[in-house]
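There are 2 protein chains.
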Amino acid sequence: MDIKAKMNGRFRDLQGGLFLEVTKADVGEGAGNFMKAGGDIMAWADPFFPDPAIPESVKKAMHEAIDGGFPAHYGMPIGIYELREALAEHISERTGLSIDPSRNVIVTPGSDSGLLYAMMPFISEGDEVMVPDPSYPSNFLNPKLLGGKTVPVPLYPEDNYQVRIEEFEKRLTPRTKMVLLTHPNNPTTTVYRRESIEALCRFIIDNDLVLVCDQAFEDHIYDGIEFVAPCTLPGMWERTLTVCSISKGIGLSGFRIGYIYACDKIMDVLYGGAVNVLGAACTLSSLGAIAAIKDKEHMRSNYERLERRRRLAYDILSTAPGVEMKMSESGILSWLNISRLGTSAEVADYIMEHAKIMVNQGTPYGAQGEGWLRIVTACFASDEDAVVRFERIKVALTRLAKEKGIA
Amino acid sequence: MDIKAKMNGRFRDLQGGLFLEVTKADVGEGAGNFMKAGGDIMAWADPFFPDPAIPESVKKAMHEAIDGGFPAHYGMPIGIYELREALAEHISERTGLSIDPSRNVIVTPGSDSGLLYAMMPFISEGDEVMVPDPSYPSNFLNPKLLGGKTVPVPLYPEDNYQVRIEEFEKRLTPRTKMVLLTHPNNPTTTVYRRESIEALCRFIIDNDLVLVCDQAFEDHIYDGIEFVAPCTLPGMWERTLTVCSISKGIGLSGFRIGYIYACDKIMDVLYGGAVNVLGAACTLSSLGAIAAIKDKEHMRSNYERLERRRRLAYDILSTAPGVEMKMSESGILSWLNISRLGTSAEVADYIMEHAKIMVNQGTPYGAQGEGWLRIVTACFASDEDAVVRFERIKVALTRLAKEKGIA
Chain V
2 MDIKAKMNGR
12 FRDLQGGLFL
22 EVTKADVGEG
32 AGNFMKAGGD
42 IMAWADPFFP
52 DPAIPESVKK
62 AMHEAIDGGF
72 PAHYGMPIGI
82 YELREALAEH
92 ISERTGLSID
102 PSRNVIVTPG
112 SDSGLLYAMM
122 PFISEGDEVM
132 VPDPSYPSNF
142 LNPKLLGGKT
152 VPVPLYPEDN
162 YQVRIEEFEK
172 RLTPRTKMVL
182 LTHPNNPTTT
192 VYRRESIEAL
202 CRFIIDNDLV
212 LVCDQAFEDH
222 IYDGIEFVAP
232 CTLPGMWERT
242 LTVCSISKGI
252 GLSGFRIGYI
262 YACDKIMDVL
272 YGGAVNVLGA
282 ACTLSSLGAI
292 AAIKDKEHMR
302 SNYERLERRR
312 RLAYDILSTA
322 PGVEMKMSES
332 GILSWLNISR
342 LGTSAEVADY
352 IMEHAKIMVN
362 QGTPYGAQGE
372 GWLRIVTACF
382 ASDEDAVVRF
392 ERIKVALTRL
402 AKEKGIA
Chain F
2 MDIKAKMNGR
12 FRDLQGGLFL
22 EVTKADVGEG
32 AGNFMKAGGD
42 IMAWADPFFP
52 DPAIPESVKK
62 AMHEAIDGGF
72 PAHYGMPIGI
82 YELREALAEH
92 ISERTGLSID
102 PSRNVIVTPG
112 SDSGLLYAMM
122 PFISEGDEVM
132 VPDPSYPSNF
142 LNPKLLGGKT
152 VPVPLYPEDN
162 YQVRIEEFEK
172 RLTPRTKMVL
182 LTHPNNPTTT
192 VYRRESIEAL
202 CRFIIDNDLV
212 LVCDQAFEDH
222 IYDGIEFVAP
232 CTLPGMWERT
242 LTVCSISKGI
252 GLSGFRIGYI
262 YACDKIMDVL
272 YGGAVNVLGA
282 ACTLSSLGAI
292 AAIKDKEHMR
302 SNYERLERRR
312 RLAYDILSTA
322 PGVEMKMSES
332 GILSWLNISR
342 LGTSAEVADY
352 IMEHAKIMVN
362 QGTPYGAQGE
372 GWLRIVTACF
382 ASDEDAVVRF
392 ERIKVALTRL
402 AKEKGIA
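Chains as they are written, first to last, in my numbering: chain V, 2 to 408; chain F, 2 to 408.
Check the hints yourself; a few may be wrong.
Pairs count within a copy or across copies, as identical chains cannot be separated in the list.
[To be verified] Listed next, the in silico DSBU-like pairs over lysine-lysine satisfying Cα-Cα at most 30 Å (straight line):
hint	residue 1	residue 2
1	K7	K171
2	K37	K295
3	K395	K405
4	K150	K266
5	K150	K5
6	K37	K171
7	K7	K145
8	K37	K60
Calculated directly from the structure, the hints in this document are not laboratory data.
With the hints as constraints, model all of the structure from the sequences given.
What follows is the structure, given as structure tokens:
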């Protein structure tokens with residue numbers, strides 16, 4: 002039988018690499034094999050990977066929980082109450098919103114499944130979702146997996162990737178249902194400024210749309226740039242689902258703890274489907290996450306490390322010949338224009354071969370990503386270990402620039 | 002704005018209890034509040050809940066992993082290789098199938114999300130999914146969440162809940178796409194006998210359907226009953242997705258480790274969508290799961306405890322007046338016909354009030370569940386603690402029987 006003939010158009014053409022001659026960075030074993038062969042990965046948005054990175058406070062909480070034996074058991078499918086309580090407090094502190102842990106927060110097993118779940122109640126056949134380009138690769142595929150249509154909306158480096166609202170306006174159709182925003186943006190690290198967010202929210206309200214706002218990188222905003230959560234603007238609370246995570250901000254990617262916050266009318270439906278779609282988050286991770294969120298000192302020192310790291314990355318990589326980049330505004334990434342040196346694929350392959358480092362091609366981040374690379378410059382725990390890799394990348398790029406006749 | 006008007010028909014009517022006067026057993030805080038008030042829960046399919054239940058071998062592996070600090074980081078979205086390897090070996094031992102950990106297995110964050118994910122590539126608008134009734138509640142809702150239609154197919158207690166194939170045949174339409182089987186069945190504990198499985202598989206092959214087989218309870222089959230995995234029958238491997246879990250069999254529900262195994266053509270697509278739909282399983286849980294699967298002594302002693310437990314449950318509950326039940330064939334549940342005493346809701350409420358124990362009404366398990374109760378008789382670690390509760394339920398049922406004039 003041809004099992005693919007039984008599949009729907011949403012999934013039929015997905016490929017996991019089993020029948021292709023490719024090395025995939027994000028799925029499967031290509032990356033693992035590359036590491037075993039001595040290569041380094043700076044392609045996963047996982048701070049300090051692959052070095053130890055669990056804070057002592059979290060280790061202690063988890064050791065105690067294991068000895069107690071309770072984490073064998075399910076937590077609530079919507080999340081352990083104490084975790085929702087800690088998250089509600091965390092969100093309130095950040096936004097000034099009044100968040101009820103029993104009505105406005107749901108825990109998800111990581112923010113990837115959270116992101117898809119936030120869209121599920123709204124998107125079905127033919128619904129159009131506007132996705133700024135470049136942005137997180139899943140943003141382009143997720144609408145299609147739900148039967149909808151992805152409408153990329155270009156952002157431009159000459160605008161510093163801020164919102165050019167007319168690009169949204171001219172793509173509006175009667176089927177436009179949602180805007181899917183990653184804020185701060187991944188891969189560009191752009192923090193959308195108040196004017197961008199206000200213009201976008203006006204557009205969303207005027208056209209009666211829904212906003213899903215992925216704020217996975219909100220915990221590290223640099224240079225005193227103001228962070229405006231769209232859900233805090235007038236008229237937005239009742240139409241926004243905000244998707245967050247402890248993966249980047251607290252550096253606990255492997256725990257798989259994400260969360261969504263929204264008004265209770267939306268949350269009622271998300272609670273109602275929680276068992277079916279999410280199951281529940283890991284109980285032990287949930288207990289560890291409570292300790293992590295309460296460890297303000299860890300949050301603070303983590304911030305300092307990451308702020309310093311993006312400067313080190315900038316100092317080294319921006320001076321490579323043929324490279325243009327700005328200092329990162331947020332998070333754990335660097336975004337490099339390497340178009341003078343070749344396509345994203347060519348340059349990423351060159352770095353893999355000559356620096357033995359896997360970085361991300363810009364193209365999965367949208368059409369606007371061609372000619373760019375994403376590097377997870379927060380990889381490796383010590384600055385020294387990271388700097389050695391930045392230098393290796395720079396050496397490779399310098400060599401490539403020479404081959405291309407760029408001084 | 003009316004946010005519900007923006008939702009699709011699949012999700013719009015889901016309710017999480019925020020605007021209802023109900024106490025929900027599975028979602029939200031009703032159960033937690035009931036426990037805080039001194040009540041006991043025997044309504045979650047979570048062995049030994051709420052007592053400590055992590056084997057020493059698993060504790061040791063997890064303590065070491067935490068001290069090492071690596072579980073801060075992501076595993077592969079399709080599952081850590083060593084876990085897939087251990088699972089492949091486990092599946093091969095059970096089924097005799099040759100399972101390639103890099104082509105036939107994917108780890109999911111629990112089997113609930115695994116169950117929905119297994120269906121996603123196949124089900125969209127109007128596709129019909131046949132679901133034996135009674136069975137696991139999610140089986141009835143999942144097809145709808147994907148835009149499909151659920152077609153319940155009755156099973157009958159007088160058949161010992163085996164497959165009556167003509168009930169399937171008469172519900173076949175051109176839109177029938179899939180059979181969704183829970184085997185052994187939850188809530189009835191039925192192990193479908195070889196004749197049932199063979200008849201069902203013949204029906205599936207003859208009509209070119211897909212089978213999703215939820216085998217969450219496969220690890221505990223009693224009385225030497227043969228367990229036939231449908232994917233092992235001729236012509237079924239290429240059209241079956243088998244969904245499993247360590248939640249019931251190894252008693253580690255809170256770890257959220259499930260897995261799907263299938264042919265590589267199916268797996269290629271599941272690998273391809275893994276980041277978007279699943280994210281990844283918890284890294285620390287994955288490491289614990291490897292230790293658990295390799296701890297054959299724990300598996301063996303767990304089996305003995307659960308086998309003994311279902312006998313204790315039977316001895317006490319089957320002798321309550323007005324109750325009819327059979328000895329459980331599998332797993333951790335008991336399934337009681339209480340129709341002489343009232344509806345499922347009436348009797349469950351009575352037990353909650355008079356025995357202070359939350360059990361499951363039969364009705365969420367399908368129309369055939371009215372007049373029945375599901376009790377998770379594997380709750381509580383010690384037999385003594387469980388027996389005390391069985392006796393409390395019996396006392397309440399005896400009192401109810403008297404009120405109803407049943408001797």
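Hints versus structure:
1. Proximity of K7 to K171 under the C-alpha cut-off of 30 Å is restricted to the inter-copy arrangement: shortest distance 22 Å between copies versus 37 Å within a copy.
2. Taking the shortest Cα distances, K37 and K295 sit within 30 Å of each other only across copies (24 Å), while inside one copy they are farther apart (36 Å).
3. When the C-alpha separation of K395 and K405 is checked against a cutoff of 30 Å, the pair qualifies only within one copy, where the shortest distance is 15 Å, while the shortest distance between copies is 84 Å.
4. For the homomeric pair K150 and K266, the shortest alpha-carbon distances inside one copy (25 Å) and between copies (26 Å) are both at most 30 Å.
5. When the C-alpha separation of K150 and K5 is checked against a cutoff of 30 Å, the pair qualifies both within a copy, at 21 Å, and between copies, at 21 Å.
6. Taking the shortest Cα distances, K37 and K171 never come within 30 Å of each other, neither inside one copy (49 Å) nor across copies (56 Å).
7. In the homo-oligomer, the alpha carbons of K7 and K145 lie at most 30 Å apart both inside one protomer (18 Å) and across protomers (18 Å), since each shortest distance falls under that limit.
8. For the identical chains of this complex, K37 and K60 are neighbours both inside a copy (27 Å) and across copies (28 Å), given an alpha-carbon limit of 30 Å.
Hint compliance for this structure: hint 6 alone is broken.
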